[in-house]
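Undergrad: Residue numbering for the sequence shown is 525 to 640, as defined by my numbering.
Bear in mind the hints are in silico, worked out from the structure with no lab data behind them.
Idealized CB from N, CA, C, for every residue including glycine.
Careful: at least some of the hints might be erroneous.
What the hints assert, rightly or not - Each pair of labels, with its calculated beta carbon distance range:
#, residue 1, residue 2, range
1, Asn625, Thr573, 23 to 33 Å
2, Thr575, Tyr595, 25 to 35 Å
3, Cys559, Lys588, 36 to 46 Å
4, Leu565, Ile613, 17 to 27 Å
5, Gln577, Leu598, 17 to 27 Å
6, Leu604, Phe571, 13 to 23 Å
7, Leu565, Leu604, 26 to 36 Å
8, Leu583, Ile610, 10 to 20 Å
9, Lys560, Lys588, 34 to 44 Å
10, Cys559, Glu596, 41 to 51 Å
11, Leu598, Cys559, 40 to 50 Å
12, Ile623, Ile576, 18 to 28 Å
13, Leu591, Asn625, 46 to 56 Å
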Amino acid sequence: MDKKIINHCNKNDNNCMESANLQDIRINQESTLNCKAAAALLTLIQFITSTIQVLDISLNLIFKIHLFIHYEILISMFTLWTLSMIWLIFTVLMFAGIIFNNDILILSFILFNVCN
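Assemble the whole structure, with the sequences as input and the hints as a guide.
TA: Here's what the structure looks like:
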């Protein structure tokens, strides 16, 4: 008789544990979705800022080429423009990684930020 009661209690404990695990999974999924939305929004803001920066540098570069400013300035401006374009591309990759839930794209963006 005692074995039946113990087995019944163990089965109930397992059911309780399974439902608790399912609740934990649901909570984790909800918090992940909230973080994902916030990360996507921040990355979108960063993308807009980077785009404005690239446009500003591009217009400045075109203006300086038009005025035939010294080559040293043009080289430094072109370098800055190139770095800004790379930054913009990595921002797009980060945004795509968040949207499509691809950790490799997110990791490449994080590694790029750590290296710079």
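Undergrad: Among all the numbered hints in the text so far, which are the ones the structure does not match?
TA: No hint contradicted; all consistent.
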